[in-house]
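So the protein sequences, as listed, match chains A and B. If you're matching positions, the first sequence starts at 1 in the working numbering and goes up one per residue. If you're matching positions, the second sequence starts at 1 in the working numbering and goes up one per residue.
Keep in mind that a hint or two might mislead.
Stated by the list, open to error - Here are the simulated PhoX-like cross-link-like pairs (lysine-lysine), alpha carbons at most 20 angstroms apart as the crow flies:
hint, chain 1, residue 1, chain 2, residue 2
1, A, K141, B, K114
2, B, K33, B, K305
3, A, K110, B, K306
4, B, K306, B, K414
5, A, K141, B, K305
6, B, K349, B, K33
Unchecked claim - Covered stretches of chain B (in silico footprint by chain A; criterion: 3 or more residues with CB under 8 angstroms from a CB of chain A, positions within the stretch not fixed):
hint, region
7, 87-94
8, 273-284
As the list claims (entries may be wrong) - Partner residues are not named here, just some residues of chain B that face chain A (Cβ under 8 angstroms, in silico):
hint, residue
9, G69
10, T347
11, S399
12, P402
13, N405
What the hints contain is simulated information worked out from the structure, not anything from laboratory work. These numbers come from a predicted model, not from an experiment. Note that CB positions come from ideal geometry on N, CA and C, so glycine has one too.
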Amino acid sequence: MNNFITYCGIALLVGINIILLVMLKKAPSKSSQDNDVTFHLKASEYNHKQTVIHSLLNNDLQLSDSLEVTDINDTKVSLRSLVRNGSKIIVRNREEGCSLCIEHELQLIKKYADSIGIGNVIVITTHGNVRKMKVFVQTNKIPFSIYYCKKLNLPFEEISMKPFVFMLDPQLSTNNFFLPDVAATDISEAYYSTIFQTIFKHNKSSGSKANRNITIE
Amino acid sequence: MKLLSIPTLFFIISIFSCRNISQIKVDSSNEIKISIPTKIEEIRLGKYSDIFDSIRIVKLETNNQSMIGRIDRIIAHGDKYFILDQVERKAVIEFDSNGKFLKVIGEIGSGKGKYKEPNDISISNDQLVVWVNNFQKFLIYDMNGNFLKEVRVKSFGKSGAMLNDGSFALYMDIGGDMKTAEAFDLKIFNSDGDQIHTGFEKLNKDFSRRIFFFSQNNGQTLISPGYSSYIYSLTNNTLSKKYQIDFGEKSIPENSAANFVSLRQFIVWLNKSEYAYLSTYHETDGFLIFNFSYHASIYTCFYSKKSRRLKFANSWFNNVNGFFPGVVNSVCGNNVISYYDPSTIDTYKKGHQAPTDIKQAQVLAVNANKYFMEQLGQNINLAPSDFHYSQKQIDLLNSIQPSDNPILLVQRLKEF
Numbered sequence: 001m002n003n004f005i006t007y008c009g010i011a012l013l014v015g016i017n018i019i020l021l022v023m024l025k026k027a028p029s030k031s032s033q034d035n036d037v038t039f040h041l042k043a044s045e046y047n048h049k050q051t052v053i054h055s056l057l058n059n060d061l062q063l064s065d066s067l068e069v070t071d072i073n074d075t076k077v078s079l080r081s082l083v084r085n086g087s088k089i090i091v092r093n094r095e096e097g098c099s100l101c102i103e104h105e106l107q108l109i110k111k112y113a114d115s116i117g118i119g120n121v122i123v124i125t126t127h128g129n130v131r132k133m134k135v136f137v138q139t140n141k142i143p144f145s146i147y148y149c150k151k152l153n154l155p156f157e158e159i160s161m162k163p164f165v166f167m168l169d170p171q172l173s174t175n176n177f178f179l180p181d182v183a184a185t186d187i188s189e190a191y192y193s194t195i196f197q198t199i200f201k202h203n204k205s206s207g208s209k210a211n212r213n214i215t216i217e
Numbered sequence: 001m002k003l004l005s006i007p008t009l010f011f012i013i014s015i016f017s018c019r020n021i022s023q024i025k026v027d028s029s030n031e032i033k034i035s036i037p038t039k040i041e042e043i044r045l046g047k048y049s050d051i052f053d054s055i056r057i058v059k060l061e062t063n064n065q066s067m068i069g070r071i072d073r074i075i076a077h078g079d080k081y082f083i084l085d086q087v088e089r090k091a092v093i094e095f096d097s098n099g100k101f102l103k104v105i106g107e108i109g110s111g112k113g114k115y116k117e118p119n120d121i122s123i124s125n126d127q128l129v130v131w132v133n134n135f136q137k138f139l140i141y142d143m144n145g146n147f148l149k150e151v152r153v154k155s156f157g158k159s160g161a162m163l164n165d166g167s168f169a170l171y172m173d174i175g176g177d178m179k180t181a182e183a184f185d186l187k188i189f190n191s192d193g194d195q196i197h198t199g200f201e202k203l204n205k206d207f208s209r210r211i212f213f214f215s216q217n218n219g220q221t222l223i224s225p226g227y228s229s230y231i232y233s234l235t236n237n238t239l240s241k242k243y244q245i246d247f248g249e250k251s252i253p254e255n256s257a258a259n260f261v262s263l264r265q266f267i268v269w270l271n272k273s274e275y276a277y278l279s280t281y282h283e284t285d286g287f288l289i290f291n292f293s294y295h296a297s298i299y300t301c302f303y304s305k306k307s308r309r310l311k312f313a314n315s316w317f318n319n320v321n322g323f324f325p326g327v328v329n330s331v332c333g334n335n336v337i338s339y340y341d342p343s344t345i346d347t348y349k350k351g352h353q354a355p356t357d358i359k360q361a362q363v364l365a366v367n368a369n370k371y372f373m374e375q376l377g378q379n380i381n382l383a384p385s386d387f388h389y390s391q392k393q394i395d396l397l398n399s400i401q402p403s404d405n406p407i408l409l410v411q412r413l414k415e416f
C-alpha cells in the first residue's frame with residue numbers, strides 16, 4: 001500500500017513537472033517582455049514626434065474662403081457658415097482611412113460632447129455620398145453635424161489617411177491641430193478636456209444645438 | 001506490480017489525451033495545370049458575349065435598415081443574397097432574389113451571439129456562419145437568420161469559414177511586416193473549436209495581401225495562400241492542389257518580398273516587374289474563374305473545365321450608365337455576381353445619355369482607361385460591352401439614384 005502511495009506521488013510529481021515545463025515554454029521570456037516595452041516606448045515617441053511636426057505644419061493656416069461642404073441631406077453650404085458663431089472642433093475623417101481610429105476617437109469626443117456642446121463639434125468626412133454618410137452616422141451613432149468635403153487642403157491630408165482634429169475659428173484659421181492615437185486614450189482626453197477648459201467653458205451656451213443637421217431615424 | 005501499473009497507465013493516458021495538432025496532409029495527385037501565354041501583352045480579350053449569355057439586374061432595396069456602406073462579400077444561396085459589410089455598416093444583410101430587404105443577421109454587442117464587426121461569412125450545410133475576429137469566434141445561424149450557437153477558437157484570422165463536414169478553417173495571412181509568433185497561416189478546428197491541423201507554414205517573408213482567402217461554391221472550399229500560383233481545395237484533413245496557374249518565366253521567384261521593407265514598396269516593384277501573380281479565384285459548376293495581375297493590369301480568366309479552354313476578359317465598359325459588369329465578386333451555380341455602387345452615377349448621367357451606342361461606348365472606355373492611367377497609374381483595359389439590355393432593364397438602370405444601395409448583376413456563363 002505504501003508503495004502504491006509512493007508511485008502515485010511520483011507519477012503526480014512527474015505530471016506536474018511536465019505541465020510546468022510546458023507552461024514555462026509558452027510564457028513570454030523576459031527579453032520578449034523587454035522588447036514589447038521598448039516597442040511601445042518607441043511607438044509613443046514616434047507618435048509624439050509626429051504630433052509635434054504636424055502641429056507646426058497644420059496650425060495657423062487659412063482655409064479657403066470658397067470652400068464648400070455638403071451636408072447629409074445633400075445640400076451645399078460654405079465652410080465659413082459653420083463657424084460664423086464661433087470656433088468649432090473639426091474632426092476630419094477619410095473614408096479610406098483607419099476606421100478603428102475614427103470610431104475610437106468619436107467615442108471619446110462623445111464623452112465630452114455635453115460639456116463642450118454638441119454643436120461645437122463638426123465631423124467633416126470624405127464619404128462622398130448621402131447613403132455612405134448615413135451609414136457612417138448610423139454605425140458610429142454620431143450626434144454631431146456631419147459634412148462631406150473631399151479636400152480641406154491641409155498639408156496632413158496629402159501624406160496620411162489617419163483622422164485628425166483641429167479647431168477652426170470664424171476667420172477660417174486652423175489651430176490646436178491634434179493627431180489622435182488609439183493607443184493613447186489619455187492624451188486625447190487631455191486634449192478635449194483642455195479645449196473645454198480654455199475655449200468652451202465660459203461660452204458654453206454658444207454651442208447651440210440648433211446647428212445640428214442630422215435627421216437619421 | 002499490478003498496483004504500479006494503475007498510476008503509470010493513468011499517467012500515459014493523460015499524456016496521450018493531450019490534443020494532437022498535426023500539419024494538414026497535402027495531396028498533389030489531381031493537379032490541373034493552366035498555362036498562361038508567355039506574351040501576356042498580346043492576350044486577346046474576349047467580348048462580353050463570348051463569356052455570358054444573360055444578365056439579371058437585382059436592385060437592392062434601400063431604407064434605413066438595409067443601407068449598405070460597402071460590399072465586402074456577397075453570398076448567393078437559394079433565393080437569397082447575403083451581403084457582408086465588414087467595416088462601414090458592420091452587418092450581414094439579407095435580401096431576397098428580387099433585392100427586397102429581409103433582415104440583418106446578428107447584432108453588434110459583446111455577449112453570446114453578438115459581434116463587434118462581422119469579419120467574414122460562409123454558408124455550409126444550410127447554416128450561415130459569421131467569423132468574428134475580435135472575439136475569436138464563429139457564430140452559426142440557420143438559414144432563417146436564427147442564432148444557433150457560437151464556437152470559440154483561440155486564434156485570430158483574417159478569413160474564416162465553415163467547411164462541408166462542420167469543421168472550421170481560419171486563414172491568418174501573416175505578413176513579413178507583422179510581429180507575431182504564429183508559424184502557420186492556415187488553422188483547422190473541429191466542430192467544438194479545438195484546433196486539429198495547421199497548414200501553409202510561413203517560411204518566406206511575404207507580405208499580407210487580400211482580405212478574403214476562402215472561396216466557396218457548392219460545398220467546396222478553395223484557397224490560395226500568399227503569392228502562390230496554386231489553388232487548393234480544402235477539406236478538414238487535406239489540402240489538394242487542384243489548379244496550378246502556370247505563369248512560366250513570369251512566376252514570382254520565391255522569397256522576393258524579403259528585399260523590401262514595406263508592402264507598398266513591394267507592390268510598386270511587382271507592378272513594374274515582369275512577374276504576374278494570381279489574385280482572386282472562384283469555381284462554378286463548369287468553370288474556374290481567376291484574376292491575375294501583370295504590369296498593374298488585371299486579367300480575368302475563364303477556364304472551362306469541360307473543354308479545358310481558357311478565355312481572357314476584363315471589365316467591360318457598359319453602354320448604360322457606365323456599369324462594369326465584367327468584375328467577378330462572387331459565383332453561384334454557373335452564375336457570376338458583380339455589384340455596382342451608384343454613388344457617382346450622377347456625374348456620369350450629366351455627361352451621357354443612356355443607352356449609348358457601341359461607338360460612344362468605345363470612346364467612353366478609352367477615356368476611362370486614360371483617366372485610370374493618369375489618376376491611379378493603372379492600366380485597367382476597360383473595353384466597351386457588346387451586351388444589349390432590354391428596354392425594361394435600361395429603365396431600371398436609369399431609375400437608380402446615387403444614394404441607392406449597390407445593384408447586383410447576376411450573369412449566366414456561356415458554355416464554351
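**Message:** Tell me the hint numbers this structure goes against, listed in increasing order.
**Reply:** 3, 5, 6, 8, 10 and 11
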